[in-house]
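Participant: One-letter residues, chain by chain:
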Amino acid sequence: MMMHKQLKYWTLALLFSLLPLCLQAAELVSKQSFGAENEIVLTFAAAIDKNTAKNRASYKVFEESDPDILLEVKEAVVSQNGLQVSLLFTEPLNMAKSHVVSLRGEDGKELASLLVKKPYIGYLLSILISALLVNNFVFTKYLGLCVFFGTSKRKTTAKGMGVVFTIVMVASAIMSWFFYQFILIPYNLNFLQIVVFIGLVSLTVQAVDTVLRKVNPVLFNSFGVYLVLVIANCVIIAVPLIMASNNYNIIETFMLALGAGGGFLLALYLMSSVRERLDLANIPPTFKGLPIAFIVAGQFAMAFLGFSGLQLF
Amino acid sequence: MANDKTSMQLISRGILSENPIFKLALSMCPAVGISTTVMNGFMLGIAVLFVQVFSSVTISLFKNKIHPRIRIPSYTLTIATWVTVIDLALAAYMPEAYAKMGIFVKLIVAFAIITMRLEMFACKESVKDSFWDGLGMGLGFLVGMMVIGLVRELLGSGTILGYDILGFKPLLFFILPSAGFFVVGLMMAFFNWIEIAYKRAKGLK
Numbered sequence: 001m002m003m004h005k006q007l008k009y010w011t012l013a014l015l016f017s018l019l020p021l022c023l024q025a026a027e028l029v030s031k032q033s034f035g036a037e038n039e040i041v042l043t044f045a046a047a048i049d050k051n052t053a054k055n056r057a058s059y060k061v062f063e064e065s066d067p068d069i070l071l072e073v074k075e076a077v078v079s080q081n082g083l084q085v086s087l088l089f090t091e092p093l094n095m096a097k098s099h100v101v102s103l104r105g106e107d108g109k110e111l112a113s114l115l116v117k118k119p120y121i122g123y124l125l126s127i128l129i130s131a132l133l134v135n136n137f138v139f140t141k142y143l144g145l146c147v148f149f150g151t152s153k154r155k156t157t158a159k160g161m162g163v164v165f166t167i168v169m170v171a172s173a174i175m176s177w178f179f180y181q182f183i184l185i186p187y188n189l190n191f192l193q194i195v196v197f198i199g200l201v202s203l204t205v206q207a208v209d210t211v212l213r214k215v216n217p218v219l220f221n222s223f224g225v226y227l228v229l230v231i232a233n234c235v236i237i238a239v240p241l242i243m244a245s246n247n248y249n250i251i252e253t254f255m256l257a258l259g260a261g262g263g264f265l266l267a268l269y270l271m272s273s274v275r276e277r278l279d280l281a282n283i284p285p286t287f288k289g290l291p292i293a294f295i296v297a298g299q300f301a302m303a304f305l306g307f308s309g310l311q312l313f
Numbered sequence: 314m315a316n317d318k319t320s321m322q323l324i325s326r327g328i329l330s331e332n333p334i335f336k337l338a339l340s341m342c343p344a345v346g347i348s349t350t351v352m353n354g355f356m357l358g359i360a361v362l363f364v365q366v367f368s369s370v371t372i373s374l375f376k377n378k379i380h381p382r383i384r385i386p387s388y389t390l391t392i393a394t395w396v397t398v399i400d401l402a403l404a405a406y407m408p409e410a411y412a413k414m415g416i417f418v419k420l421i422v423a424f425a426i427i428t429m430r431l432e433m434f435a436c437k438e439s440v441k442d443s444f445w446d447g448l449g450m451g452l453g454f455l456v457g458m459m460v461i462g463l464v465r466e467l468l469g470s471g472t473i474l475g476y477d478i479l480g481f482k483p484l485l486f487f488i489l490p491s492a493g494f495f496v497v498g499l500m501m502a503f504f505n506w507i508e509i510a511y512k513r514a515k516g517l518k
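From first to last, the protein sequence lines are chains R and U. Here the first sequence is numbered in the working numbering, starting from 1 and rising by one per residue. Here the second sequence is numbered in the working numbering, starting from 314 and rising by one per residue.
Derived from the structure by calculation, the hints contain no laboratory data. In this text, all values refer to a predicted model and were calculated from it rather than measured experimentally. Among the hints, erroneous ones may be present.
As the list claims (entries may be wrong) - Footprint (simulated), chain U over chain R, 3 or more residues, beta carbon under 8 angstroms:
no., segment
1, 43–49
2, 61–73
3, 132–142
4, 188–195
For glycine and all other residues, C-beta sits at the position ideal for the given N, C-alpha and C.
The following block holds chain U by itself, in its conformation from the complex (with noise of 0.2 angstroms):
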């Protein structure tokens, strides 16, 4: 199945119309439990951008190699291996950031979304595909991770990537843990609007 689209065109369907986040609903763990700032979420994002962009690229290459039965325990072998690298070089070299992430890095390895771009993409398309596929996912899932980092950071702690805006603490309420439930849902219902709003407007014309 040879694919039709061109670069520009996987990166923007992973940030936009399919967004791991807002719109296909997977790997919602992170963005509700430690998108608490911008910069934690800009990290994991970065963390999972590097192992979706390594995946696509490792399984596409050896896609001709890999039995039909036994694809899923390799796809998660192949994550659990860049999880492993991005743990470690974390660790190492950020251990300030990497402490705040706390397991959620090695969590990375059982975030649904990576698995079923593997299955649904890197499996049967180019090793060029791919990647640029990966990498519009993994942007996806960052952008959607600053989003509600800034909404929270904002709305938390009146500060965005610790610079003061507003001067005052709006609602304490957005940085207790909690609030990531109520940031998330009220986030997809705007978007629900939007798209229904459009629709009607599409409709009246």
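Isolated chain R, as found in the complex (with noise of 0.2 angstroms):
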């Protein structure tokens, strides 16, 4: 009777410490991450049947936003240890969208699925870089260049000029962002984005304009000029339009208009900086202003073209 009883604490010892083993094997996959342009790592809780592991058939991968449209797996590679399976793709991978991956054993159970992303605060950032550096507005993307041609002759005009196009376009990226969000998408009203969003913008400059003038009549002495230039300008109405066609949400929407702003000073400065030089050296006549600045911000581009494929996050 007692032995009885005892084996019965026995069997609800093991089960209990069976407990967490279960729950492991529930978790088969540790850790998964975005390796290379090309490739997705995951780490297993324990070592894996290699053979398993080895084909690439086992592996279902796709966007989660497109289920239907499965990404090839070129090759498996499993490390020495067996903990560890890359997989590469034939395709570089949008690491922006997060991807589904589902394990299938031989005999086609699906041993595990899980989802792929990177960090969000990794996202955002690259968001920044991306408009800063990779797609620079001025240099990749080509916008805003009456502005930029126009306006930097000198380091000090192109310093205010940027800093002013900075704050209206995070201003009016924001305020755009709300109209399109909670009146065009549910009243159906697509079709008037761009009316809508070049009033927004003009009405930004004009607050900027007047809160200016009130609140600092030094620092609206030296900026109030280009803010009237602001409002005909592509960048500016171009930051809404990215937003409306990708979709962001709002904190999204303030990286991009940050980073496009940002880009927009940095260009100004830089082609400011060479332009005094420019004053200074000898050019031929039939290249003097625009054709030289013209051929100044080709140069610059190529360089910046070397940004291109540049991932920090």
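Can you join these two chains into the complex? Each is in its own frame, and there are hints to help.
Facilitator: Listed below in structure tokens is the structure:
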């Protein structure tokens, strides 16, 4: 009788001690992340059957938003200890999107299904860096060239212009986001995008003008001249349009606007530094003024090509 | 202020003596950005021509009704309306060409050249003259875009309008985006050179 009771306890204890193991089995993969541009790295909690891990047919990978389009796995490389598998794809992955990886055993049963995505803060920073350097609005997207060539003759002007642009861009992008999300989308007024966004930009410029005039007259005297130029400019209106086409949320929109403004400031400053030196140089008369400025800008654009493919996060 | 120029003079002024791209140096963004082929230049040129003509006519029609203090916002809204029209029309009827031009069709709304023509011409002149002026400026833009596209397409991929002309690709560099700056810069220098040579020849006479 006594013996029986003890056996019962022992079984229970055994069951309980096995429980964590079962949970562990459910979490077969302990860590998943993006590797190089066409790579996903999976780290397993325990060594996994090598044949399954090596077989590329046992993985099914797709972008979360497009479950119908399967991404082709070129090769699955298993590390020495059998704990890590890196999946190599034939085409580079779009790391901005989250990917679903599902792992099947030999018998076709699903062993694990997991979501691979970038850390959100890294994603935000990548939007910022992308707008600032990789897709610099002036040198790789060719926007705002009129103002760019018009106001990059002196460093002080260039700095002032860049700062005003950044402020207006951030303010108008955030306002446009609210209008887009809460008025244009719910009422199906998407075709009014252009009219609404250009109106909002003009409004923001007018508001910045009025506020600056009252709050800081000194600053207004040095910046006020540029504000008029800001209205009819493609850089400013491009930010809300990109926001709408990518369906960014508010933080992403802020990052985009900040990156775009910062990129414009950077481009203006670089250009004005060169043009101050150009004034002293001996330039053939046919190239004086705009032609030489265009050629310098072309060289900058080539230099900025070097940033393409940059991924810090 | 009456306008004493004939319709032909208004058109030729837009194309030659006041060409928006090479002479006024306005609306450079598309000239650099998407002028990689003649076709791209032509499509965007047509879009700009449409917006320019219709905005000029609209503003000219309503010039007596618009209060001077709100004229800039009313120009902007007029342009934005016509841009929306061409944007939706292109997206519906020519989706491939529209995809190539990307965001630039929507950005016509911010082209300085259109606002400038409204401010300098359409708000003072008759509807008929505004029409010809808009047509001239639009055609000038169209021609400028196509010339840049011609140079870049011929030198970059050896073709014109997709037809193989040279049979080889001379300089791949010219279809790279950054070449747009070089081509526009060199063409401006070329026009300056002609002008300087012309003046010198005249002066010697």
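Participant: None of the hints should be skipped; say for each whether it holds.
Facilitator: Tested hints:
no., hint, in the structure
1, 43–49, "violated (count 0)"
2, 61–73, "violated (count 0)"
3, 132–142, "holds (count 4)"
4, 188–195, "holds (count 5)"
The earlier numbered hints that this structure contradicts are 1 and 2.
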